[in-house]
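**Student:** With the hints in hand, could you dock these two chains into one complex?
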Amino acid sequence: MADETSTPHKRGPIKSSVGSVAVQRRREHAVMVGKERREALMRTKRLCRVGVSSDSDDVPADDDMMMDEEQSVLEDQTLKAVEELKQAVGYQGKGAMQKRVNALRELRRLLSKSEYPPVEAALKAGAIHTLVQCLSFGSPDEQLLETAWCLTNIAAGKPEETKALLPALPLLIAHLGEKSSLPVAEQCAWALGNVAGEGEELRNVLLSQGALQPLSRMMLPNKGTTVRTAAWALSNLIKGPDPRAATELIRTDGVLDAILRHLKKGDEELTTEVAWVVVYLTALSNIATSILAKSDLLQILVDKLASSNSLQLLIPVLRSLGNLVAGDSYVTNNVLVAGCEITANVIQALIKCLRSEHRVLKKESAWVLSNVAAGSVEHKKLIHTSEALSILMHLLSTAPFDIRREVAYVLGNLCVAPAEGSGRPHLIVEHLVSLVGRGCLGGFIDLVRSADIEAARLGLQFIELVLRGMPNGEGPKLVEVEDGIEAMERFQFHENEDLRNMANELVDKYFGEDYGLDS
Amino acid sequence: MEVTQFLLSAQAVESTIRKHAEETLKQFQEQNLPGFLLSLSGELANEEKPVESRKLAGLILKNALDAKEQHRKYELVQRWLSLDVAVKSQIKACLLQTLSSTVSDARSTASQVIAKVAGIELPHKQWPELIGYLLSNVQQVPPHIKQATLETLGYMCEEVVPDVIDQDQVNKILTAVVQGMNANESNTEVRLAATRALYNALGFAQANFSNDMERDYIMRVVCEATLSPELKIRQAAFECLVSIGSTYYDKLAAYIQDIFNITSKAVREDEEPVALQAIEFWSSICDEEIDILEEYRGDYTADSDVPCYYFIKQALPALVPMLLETLLKQEEDQDQDEGAWNLAMAGGTCLGLVARTVGDDIVPLVMPFIEENITKADWRQREAATYAFGSIMEGPSPDKIIPIANVALNFMLTALTNDPSSHVKDTTAWTLGRIFEALHGSTVVIVTPENCEQIIKVLLQSMKDVPNVAEKACGALYFLAQAFEDVGPASPFAPCFHEIVQSLLNVTHREDAGESRLRMAAYETLNEVVRCSSNETAGLVLELVQVIMTELHGTLEAQKSSSDMREKPNELQGLLCGCLQVIIQKLGALEPTKYAFMQYADQIMNLLLGVFACRSATVHEEAMLAIGALAYATGSSFAKYMPDFYKYLEMGLQNFEEYQVCAVTVGVVGDICRALEDKILPYCDGIMTLLLKDLSSNQLHRSVKPPIFSCFGDIALAIGENFEKYLMYAMPMLQSAAELSAHTSSVDDEMIEYTNLLRNGILEAYSGIFQGFKNSPKTQLLIPYAPHILQFLDSIYLEKDMDDVVMKTAMGVLGDLADTLGSNAGSLVQQSLSSKDFLNECLSSEDHLIKESAEWARLAISRAISG
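Keeping their order, the protein sequence lines are chains A and B. Each step along the first sequence adds one to the number in the UniProt record's numbering, with nothing skipped, and position 456 is 456. Each step along the second sequence adds one to the number in the UniProt record's numbering, with nothing skipped, and position 564 is 564.
Just so you know, these hints were derived from the structure itself, not from any lab. Predicted model only: the values in this text are computed from it and were never measured. Fair warning: there could be bad hints in the mix.
What the hints assert, rightly or not - Here are some, though not all, of the chain A residues that point toward chain B, as calculated from beta-carbon distances under 8 Å:
{"hint": "1", "residue": "L41"}
{"hint": "2", "residue": "G93"}
{"hint": "3", "residue": "E120"}
C-beta atoms are modelled at their ideal positions from N, C-alpha and C, and glycine is treated no differently.
Chain B on its own, in the form it takes in the complex (with noise of 0.2 Å):
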């Protein structure tokens, strides 16, 4: 079939074309796929064909390869491994063939699909010329085809995994790509796609950088390529200087000197896409030594893997200064500009993380600046010194920014009620609230009852501010109310919660809260303010309660009245659910309030349910939180509640889509039976029904699968040995699950994490099973299952990759199984690995929550054995 035109079409303005040309090639894909994507390829290949039929050929070819969702993606890479060797192999020469194409275009589009080929063929050990093929490629002569061909291999690396191709492939690659970016290389494109490859490509070359030659080669050609004349070869370089900073920290000293030579040179005087890239390596070095210096703090025995080098220490004196200068380099409106990122935000961000990275030791050299540009008449050197200020407040100790912030926040008061800039107020705003924020409990030293009525008048004012400024203020409270949490009585808060609420609820009325995200401050200020309430004010937290209460029936009113204020109201909603459950939360917890709030439990079920019902296909998360809440404040008699709300429940456990909302709907289910404890049973099948399905869902987000199994825990905590019944369908699930998380088998701490998460879920779901038919005369019904579970223990333990958390739920679930089965399983624990040398090992732990579950263990084991 010849698709030229219809590919033209498909790109027609004329929607009825297009729409026409697209559903012919849906249909042509559906009835003949593997002709469907010859045709696709032979069409980018062909040199006849007009560039834009041939772009979107390879585009589509692309999405037929991969997608962004990982249900999708698997089905498209085994729908490929499926088709016909003929078939892929005509299409894979056409890909490469178009490699040497005159059209641009049509390389690029190539290149990309290639390395889409290659990241699913290259781990099932397929396609193995692809490399060798390119490699001779890169030799050729004319530019146009060593260009694709550095682009191909670029995308290629960023396709697969680096085991997946051998160390002497790795070599070759390298070779080609750090010969592309030298200096001889007179072809600019060559060059840039090199360089560009390189960023993917670094990912790959452990061993080389471990190499003294091959590393100062790459470090230098690399360095080299900085300079180039062409500002986007530039910023690649820079790119790569970024990702070399954190991947090979540890081989950076000896090339730290000239790299800030040449950062400090680009930051200065280039142009701003590469200035940025050149503040973002030091950023990045930042990112390293805190993490670093974190795990020395946290971990004094351990040896790091990786020596603190002490970087940005060395080079503060000099890259100090560099940072406030760009700092002054603000444009006119980024306070109203959301994606706004300049020199200016730039270097105040790193700015912020040097303070964090080397404490008291940024003060001095930051306070003459600040000093000297605070009164002055521009207002970007008062932006700018009030912007470093607040920049650097997290990481010196508190003693050292105490006696500062003492001084300056009379002055940052008075600018924030008097200066002209807008600027300068958004900025004294936030930097009030950084103070606040990072004092946490100092702040009582510099905020008196005394002044606090005077700093909360200000705030208050601000708030009538244009909305970026009130935006700020609002934030500046909600840090200082933070400050304040847990006080006891005589809180400063007290005497002014009314104004304070009553500022706020009007700053939700703005005309314009909806721009800089005014609104949505204002309210997540009221519910850290309520939040952090002392007892003297729960009387005004309930008559607040009505007023929410009142907010949130207008939007379902004015919902009803009129259809296309939906997308509004909805928000809205959300943040009005926010603050019901935040509420609940504070009320529900204080013993004089506790019985004065159950009298609205009613109306606000109500309302939450109206808000469900708003939506036909969908539940309201926020909703779904405060739902969590107002079933811990009432209890069991939450159980009057459930015949209108489960299927609210069950339609949040089926939203495959939203996955957050499936797992705060879970969350809910567990809050649920805490609440309800065996009231809960008549729903459980329901529940369990869905909660077995979601876990056998590959569309659902893995995510969720953890706090589904502690879930189950949940439900046999609350039904005891009524979960009976669900034993034959939750155990398999179970026991499969823990036999594909015995074995992490991989170095990507991202997996190990999830791994982990998916052991204490699973283990929960043990403890919960064990605790709940604990005295029941049905134990010897989880006997048969004592073996697999000792089993996982034993074999988690082997692994040694399991975190602290893992650790003690493993723990518990050694004692709770000996427990609960008694003598029945003495024999069978006494024979696990997990009962002597991880139990030890537990014991004898530093973490005392491990060591209690372990002791716990203990107790139940030796029980266990002479029972």
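Bound conformation, chain A alone (with noise of 0.2 Å):
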């Protein structure tokens, strides 16, 4: 009722006790950090795509923002806030981790503002040993995070500067491990795989220090970027030339089944990353290769090139792919079997490939489709037999230099049977007789004129092919007809003896004094 009495005082005394305080701030501590974990969570999503972006092309065109900031701005801007981590990690009071923090994150957005990160400065100004001393074990999530991507992002500047990070290695390498929360972890690979990615003599170095065991492991839960990002960084890690990194890979427990796994069921992105992984161990190690031959890889491969539409993935499927059939002829004998479903599902998922619209897949699935094309007579009555074969004739006269190349070598092997011994191959002259008539001698006349000594080679192959193998002699007519001759005659001088002793001799042989005779 009506407050008689004087007004309660509303203030409280500046002399009170701690305890209520204290509950109040250790439940407002509980809520914060509740809050900063989501944010954590939230921005180690975001930051890892941004990354993964940055070293592809779509960098924004628009990048006014990132241009008005002079570069000398943003190094003075930079080398201060070298000094003020420095400051803040010999800072030891109250708040000094958030201290720390705080530094570290301006410095992490001095990194990453500019498509020209000021990481010459950073290292000037001797940004390394703090950073190394703020991975110390121990240390704050939050920290190790921020850290981490300042090294993350200095590890994507030039050669020398990657270079840098040695001395952050060994921490770096130590908080992958498993003790370490998922951000952390994911940040760090991300590190190592900039560094990885820089050449073979610092991928050496990881590998001695033992970042594979703790990157492949990485790779075996189900879900999350941090999965995607140990693919990313394993395969910069194992790309060789020494294929023993990707041969240990594959032998690490558990990795085998990952990879399938993922490919399977990750979502695009990380089936991306897990099929550049196979790439490389297929590329580099026939014990790689032909244990992932002998597993469900190939119909998982083939299940992804029906399916998806994502060129990024795509191409190092395919690419996989090739290499399995390329390196292990364990693939064509014994799963790519003619007749078999599998191998009607390939050649229609490369003929999808053939007819995208993206150079980098046509390239890629004729390079794949030769590769099946030197299988047996019935893996090229298949081919022979196809849809492929219009796309590829199309192809050899229109497509760019390198895609032709590839067709060449499909349609080359198209016509010729596994050799019995030693020899030159047999001929299949149907296919030879129809390929020719439906007019590719064209294309093949065009690469012998290629400064491409592959290409020129394949060409004069397939000139012999139909000199001494279209019925009733028509061969030299026929390349005449195409100007195959003075294509051929080009190389009368030409410093590559190989190529200069086979022209010389087609032309010796086919069109010599008694050429024309008969006609």
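**Tutor:** Structure, rendered in structure tokens:
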């Protein structure tokens, strides 16, 4: 009711007891921690995507915002940020952790904001040493995360800048362990991936420091961006040329399963990164190739090829498929048996790629197809009777050179049967006649004219087939009509002895003194 | 129905009579509300009825119009509005009639009920004749009618917001009120009622305070009233001054000298209730200037709305001596009395605020007082000197404080050990805590490894002193521990860690630990010591786990064996759970101990489940917080506890009454989501159902709603595309909340702040959902929601009242939307204002978190457009 006495004071006394304040703080802390963790989770998810794309080609074109800040200003800011970080690391008082995290965040922001990050300035200011300190064990996640992020960006710089990370590598590797939180492990993996991407020398350092095992274990779980980042880093790490890392990886417990599982069930981005791992495994290590060849991999790759429309994904999948087919005869002989469903599916999938708009897909699929076409006579018949043929014919006359060359290999392979013993391969006259009849000779003669020795050799080989194999001795005339003689005569004084001899022999043999007399 | 007898019986001493009467009244109300209310108003207006029954009638009437609890209040308002107009008119007529009663209690009761009715009706443009009636009533000759009417005007101003009353009427109300306050008013009761009415009406006087003449007039009348011979009028007038000081700070320059003279005379000479208000005036001026100066510091570019007049700085040479004098007017037992508030306490509190306002300048003005009094024989002088020192710790720069603190340190350690007065020891321990707190990182300058050991020794010794001194010693140790947080290896705490922990545990076991909040202080200090401890003592913290577990186990056993102990162990259980929470956080974060700690996880969980099981209807908040910490520490292995724990989670989420419990539980759901990821899936149906129920309840405190939305995000992040089945419930909920929060339509700062919290929660939910669905084949399910979400972003941008956090989260959502939906949303995003103006504004933000989010959004959008 009415307040007849004095107004109760609202103001708390300055001299208060500690308990209630402390309880309040503790609760607020709990709420804050939850918020920070949610924030960190969301941020990590975002930043990974940003990073993956920053090494592809879609940096936005309207980059006025980044440009309006002069590089020198950015460098000054960076020097200042590193100094502040050093101070924060030296600072021991209240809120030291937040201070460090803030300083790290500022540095990371500077290192992330421009297309030309001020990495050099940061290194000059001695950032690495301080960043290594920030990676020490027991540091809070937020700090580790920001530090690894800074290092990630530094590692994305020029080769010598990447090398500057050397002192940080052992700790970055250590934080990959299971005891680390996922975001921290992921960011460290990213930094290491950048380092591994730099070159063989740094790859060897990382391998000798034991980066392979923890990274490969990160690939085992089922979910999350972590797996993808780890896969990406691994693909950089096993790039070789030494195949041992690739072999070790495929032999690591659980990795084969994980690869197959992710390829089958992962989202597109994950599948892409894992497919790149497979590309290097199959390109480098025979052991890995043969293990993979005996797994379900091929079926999975074919399914992906048929179902996906993502260029990013199709490229490594195609290349893996090609590596498998080219690398292990087991695949062509025992899996891709002509008449099996899977073989028809492979060819269908490759046809889809040949038809695609993308140059790379066309080229890679032609390359895979050429490997299949190098198989048994049945394989050749299969391709010859498929829709692929007309597409290939079209490509041979219209596509850019690199695609034409791959296409030529397919067509060439279709016309020869595996040689028994040594000596020249057997002709499959039926295919030869059909292809020449559809007008492919001109395409091959074009290749002869190219500066590319392999392509020229291929062209000459095909001319040889025509000269030798076309029924009724039609060959020479066909070659002459397509200006083949002129093309071959270019090799009369060619520096490549092999080609010179081949061309000269052909000209001598089929267009010698007797040529034209019968006609 | 004749209610008189029941109203009288309801106040009877005999409980059976009372209960019967109460029951009858209740039945009457339930069976015939209009009749009941009419009877009450008739009773109140009837001059022939006894005053007791009239008062109670008015009180019941008032309670039928208003309640503290928001939901109940809303119901009562609606109930009144839907009553028959004729009934309401009759009730209101009775109420106004009562203002002329000769019985003062009846008048006073009626004036409060009138204000409640006005509070409901005026915003609905009902009862338009009320104010006119009251204004004509003020002109009545009989003073008792004048007094009652002024009182009514005052209560009415307290009930309604300024914008429901026309400026014209405001002017008339103020004129009537100020006239009533005038020194010419011979009737004391009228003058007092007018002065109190002005206090409530000040909020309406915005226009009048902008007018020099009117303002001068009001100020003159208020100042005159502070000189009234009547204590209550002086007190009420100073209350007006305090309110003017904070509401119209920028209009004070012309009056500040006079006000200083008036207040300083009151502080020195007037009675305590008046003197306290006079000090309060300066405290509130400090509040204003601290806010303004903080705004200056925080934002160089923006023009601050209010300039700083530096009143405190100008008054300093006179203000500080006045305040120092008050410090010597302590009460003997103020340290034992928790609610104590006297001249010395108010003076010290104000001195602390002055120090925060002026910084270094205060030091030379206070030091002579300290030096003069600190060694005096009278405990009052030593205590006042110490108190003065402790009060000014916050504000001056460390450079200024450190040399003095260095000298003072040894002196105070000695005093804490040897001073014969508990008052002095109490304040000395508190001042040590203030030093450690204020110097933060610089504490290491005055506390070296050498003297640290001695300081700790003295503080531990003081913990055996009387409870209030021991409590302050705990506080000092609390801040000392905090100052050494993050020092890394070789913490000076490490060598005596064991001893500190043991001493604090001993304090918790003191028989008198219930006095002066000593037990709580000891546990919270223990928590802080643990939280700030360095890795070298991790092993000892690990040992502490077992101790705390044993204690907690003990409370569970004690509860089983006796039922009358119920209240006490509950508080203790809370403290122990709090301690476990901190220990779990600590050990879970340290590599070397995390695995050793995990062996206790099962036991801890069992104990916490035991604590939950002790209460049947509600869950223990502190235990819930400990669960959150445990979930984070154990990660996905927390899954094994879920079957047993889940029912308490449900209980917490259903606790509408103790909304803090509900809020804490919502937070724990988030913790568990992050720990379990998709393993939380089996529980999601139940959790989502309860969260949705919470959201649709108007019983639940609104502060819990933003965290619930964020929690949607947590769940979606954890379970990814499995969130699909909740979309049809969650999305409409988010959508309608978004529509509500798009426009604040309020000038109320608190409302704007709440709206921004709500927006942030909604946006976090959207981000979580988008990120959860990212890369799943089901992303197309989200496409239908994209237009509305973008529209929401656009509208909060146009509203221009979002805070930085919302801005950052909004950019995150923009990016997540573009990232997840890709080319499906490309053109939609491009059309939105958010992707242009809003984005550009954020890209050029000074706040790097906003900028970072914006850069991410830009990248995601550019990919979505090109993709």
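**Student:** So which of those numbered hints doesn't the model satisfy?
**Tutor:** Hint 3 alone not satisfied by this model.
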